[in-house]
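Model the full structure from these sequences, guided by the hints.
Chains as they are written, first to last, in the working numbering: chain A, 1 to 273; chain B, 1 to 331; chain C, 1 to 314.
It should be emphasised that the hints constitute simulated quantities derived from the structure, not laboratory data. Every residue gets a Cβ at the ideal spot worked out from N, C-alpha and C, and that includes glycine. Some hints could be false.
[What the hints assert, rightly or not] Chain B stretches covered by chain C per the calculated footprint, using a threshold of three residues with CB under 8 Å from any CB of chain C:
#, region
1, 34-44
2, 198-207
3, 241-255
[To be verified] The calculated lysine-lysine pairs, modelled on DSSO-like cross-linking and capped at a C-alpha distance of 27 Å, are:
#, chain 1, residue 1, chain 2, residue 2
4, A, Lys98, B, Lys30
5, B, Lys209, B, Lys223
6, C, Lys96, B, Lys223
7, B, Lys30, A, Lys262
8, B, Lys30, A, Lys25
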Amino acid sequence: MRRAPVELLAGLAILIVLLAVAFTKPGAFAQAGAIDLLNRLSAPGTEGRLVGSDQLGRDLLARIVAGAPWSLGVAAGATSLAVVLGVTLGLAAAEGSKWTRSAILQVANLALSFPGLVAAVAAVAVLGQGAVTLILVLGLLSWALFARVVYAEALAVRTRDYVVAARIGGVRSPTILWRHVLPALTPSLIAMTVFHFADMLVAASALSFLGVGAPLGAPAWGAMLAESRPYLYQAPWLLAGPAVALAATVLALNLMGDGLAKLLSPSNAGRRR
Amino acid sequence: MGTAVEISTRKVLSASRPGNGLRFARAAGKRCLELVLLLVTLSTLLFFLLRASGDPAVTLAGADADAETVQAIRVAYGFDRPLFVQYLSYMSHLARGDFGLSLANSEPAMKAVLWAMPATVSLALLAMLLTVVIASPIGAWLGAAPDRPERRATAVILYILQGTPGFVVALVLIQIFAVQAGWLPAIGRSGLASWVLPTVSLSLFLAPKLARVLAANVGEAFKEDYVRTARAAGAGEGQILVRHVLPNALLGSIALVGSQFAFLLGGVVVIETIFAWPGLGRLLVQSTLSLDFPVVQAAALAVAVLVFAAGMLTDLLFLAADPRLRTQGDA
Amino acid sequence: MSGLTIEGLQVSAPGVTLVDGIDLSIAPGKVLGLVGESGSGKSLSLLSIPRLLPTGCQISGGSVRLNGQDLTGASERELRALRGGEIGVIFQDPFKSLNPVRRVGDLIAESARRHRGLSASAARQEAIDALAAVGVPDPERRARAFPHQLSGGQRQRALIAMALINQPSLLLADEPTTALDPTVQVQILDLIRAAAQRAGVIFVTHDLGAAAYLCDEIAVMYAGRIVEWAPTASLIAAPQHPYTAALLACTPRLDGVRPRAIAGNPTSPQDRPVGCAFRPRCERAVSACIGPPMLLAHGEGLAACFRPGPGLAA
Chain A
1 MRRAPVELLA
11 GLAILIVLLA
21 VAFTKPGAFA
31 QAGAIDLLNR
41 LSAPGTEGRL
51 VGSDQLGRDL
61 LARIVAGAPW
71 SLGVAAGATS
81 LAVVLGVTLG
91 LAAAEGSKWT
101 RSAILQVANL
111 ALSFPGLVAA
121 VAAVAVLGQG
131 AVTLILVLGL
141 LSWALFARVV
151 YAEALAVRTR
161 DYVVAARIGG
171 VRSPTILWRH
181 VLPALTPSLI
191 AMTVFHFADM
201 LVAASALSFL
211 GVGAPLGAPA
221 WGAMLAESRP
231 YLYQAPWLLA
241 GPAVALAATV
251 LALNLMGDGL
261 AKLLSPSNAG
271 RRR
Chain B
1 MGTAVEISTR
11 KVLSASRPGN
21 GLRFARAAGK
31 RCLELVLLLV
41 TLSTLLFFLL
51 RASGDPAVTL
61 AGADADAETV
71 QAIRVAYGFD
81 RPLFVQYLSY
91 MSHLARGDFG
101 LSLANSEPAM
111 KAVLWAMPAT
121 VSLALLAMLL
131 TVVIASPIGA
141 WLGAAPDRPE
151 RRATAVILYI
161 LQGTPGFVVA
171 LVLIQIFAVQ
181 AGWLPAIGRS
191 GLASWVLPTV
201 SLSLFLAPKL
211 ARVLAANVGE
221 AFKEDYVRTA
231 RAAGAGEGQI
241 LVRHVLPNAL
251 LGSIALVGSQ
261 FAFLLGGVVV
271 IETIFAWPGL
281 GRLLVQSTLS
291 LDFPVVQAAA
301 LAVAVLVFAA
311 GMLTDLLFLA
321 ADPRLRTQGD
331 A
Chain C
1 MSGLTIEGLQ
11 VSAPGVTLVD
21 GIDLSIAPGK
31 VLGLVGESGS
41 GKSLSLLSIP
51 RLLPTGCQIS
61 GGSVRLNGQD
71 LTGASERELR
81 ALRGGEIGVI
91 FQDPFKSLNP
101 VRRVGDLIAE
111 SARRHRGLSA
121 SAARQEAIDA
131 LAAVGVPDPE
141 RRARAFPHQL
151 SGGQRQRALI
161 AMALINQPSL
171 LLADEPTTAL
181 DPTVQVQILD
191 LIRAAAQRAG
201 VIFVTHDLGA
211 AAYLCDEIAV
221 MYAGRIVEWA
231 PTASLIAAPQ
241 HPYTAALLAC
251 TPRLDGVRPR
261 AIAGNPTSPQ
271 DRPVGCAFRP
281 RCERAVSACI
291 GPPMLLAHGE
301 GLAACFRPGP
311 GLAA
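In structure tokens:
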């Protein structure tokens, strides 16, 4: 049994801590919306509120916990969309005709240079605020990152001996892709997915910070960061709470991504422990 | 995040092998064509997308305008014409460099963009400079002896810093230095002090990654045979670091610096918003949220051009810095 | 007292002895070949002289003296003054041994400036002269060139120039011709022989033919020890140690005589047999061979064997 890299363990440890904190607030979703104007901006520790309360008296920790599924859900959805689209189109570009390849790469270029904010605002205007809108926008703008990597690696794998042998043996293209090319890409894809998830989380937070995508009053972390700005002097915990949550989650994800990359990379396969 | 730089860099590099001059000109020309294609597609998409995202006439007229006023505005701005006609007129104007007038203040849209560009570019340059200045010594120090305890601890700190989103860093810095301590202004671009927080926020976000990449390059370079040669010729570790290892390590980091610079030019919307920095990012946010189409289009295209320029600059830097590309090999 | 003397040199890595007590000496004007298979410890022995051992390896015993100066106990600073100065080193792979972003002339000049305090322009001229001395055509242009613009043979010449520019009294060459074409190899070997006029040369190689061509004396190493040390002619004609004889017999020849492989496999440093390391593969082994091996005088040289003699050769 290969020993797990320390990064993976550290990342998992952080995640577990975060989850444990979340579980101290089983009623988070209800409490997140509970306005209590008598206790607005109370410091951490008062009135049994671990992280204090915000400008409307809502329990900050409850809001952070309640905000997690929203932010994480958007990130997960966007990542899934990006991976599915990116891998499919990347493989298509590698295997397809010159026209297909050129077309896909041009579209990829376009997707990457399209201004994210503009796309998000336009999408929100057309589809309304909400997680689904953001998922679509983020996914549709970032699949190209996967496509390019998959394209490059698929090209390289195609020239490897066992693939050439399969092709000569008459195996059809889709089978080759599925049985030979994809498994060779999987290790790096997994790590990349984790990193991408972290990036999507940050992007979703940035958008909700600017007020795009998150429904009004929703406890999205980015929106909470934006709301904290007028009260920075009296209530610094309004900033610290969501900031730590976001940074810790991203850190955990980065660690896990690095750990997975180490664990799955071929150079590890032969190591004796 | 400016990663189109890397693919295009590879293309230019492979075009600049033996057969230089003409091949390079052709590759550059090809990329300019790509840029034009990109700009055309971008502006087309923007056109339709923006039109779909709301009725500008309504926005302009205001919340409680009556239908007549809205219609009048619509006619005045030409929003009542068929979409396709509007598009053709728009594209033909674009081809002549006319981006139309801002819906907010009736000034030429390009004027607002040109007015905002220096702020973004200067911030990007300064932040990039600071990033390189911070990251180089740290990266060299880390890479030279990565296993010592204090360097491991530094590597951990860098790791955490790199993962923290840029705008979170900015907010925390504002909290500490502007709000609580009152030393530095948090908003605007007036006076020397107001440059500090935005630049430092961006650098603190980008420097860790550059430092880590540099450290990795330094570590790798130390294992190379030419370091063994230098040692056998009597060079001390310090001389080896400065004269042999760092030039190679920095060369290997140019790609990252290029993509970071492209990111600075095109992606610091949130930072500019936080600091109310009068640059392209903030212009983009304001114009997008207020549906000021001409300005949005002008700003988005300007950003695309800037990012492309950053890419070309990186390619040139590669060519200039790596002797293997500058000259042809005989071997 | 000039020349190099090595006594009882031991080099080890954690838990394993790689070089197990060797004695060598060389005087200026002579070329000594150090021959053996991979893993015999020949490169490590060579590199321990200027203490350029790879990480993890260190000198664990014995002494090295150059021109009367003790090297094993010397400080890093003292050694740095010698490396590139009194001691010149040439390595195996010329393709990666030159810094790709520096000009060749600058690299050579750097060594001259460091050891002799020359001015930049004087050093530059010296570098050009050094390149000319090693037979590089158009040395001024080559000095301004970058390594990738030179052929493999030219790069190795440049490295030799770097090693010789400060008139060393000891030249260490670690398989300098292995990576080069055969036609170029002879030219490089001739260069090294020319350098031997002023310096003592130790030439490490696994190529007996190259050693025979270049060296005045040859020391054969097996499993971290010297098993035979003799003048070249007598070693080739009348090898005393069974391993030497076997090496000669298994060298491919051009005259039609078929080579004979040596039975068994080379031992790894971790599980060396007690006594003579060659015993398990030796046709002449007897019970006495389990005892500690000693270099004894046989014929014109020394051999670590109780039953010396040509035996298996030809």
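Unsatisfied constraints (hint numbers, rising): 1, 2, 7 and 8
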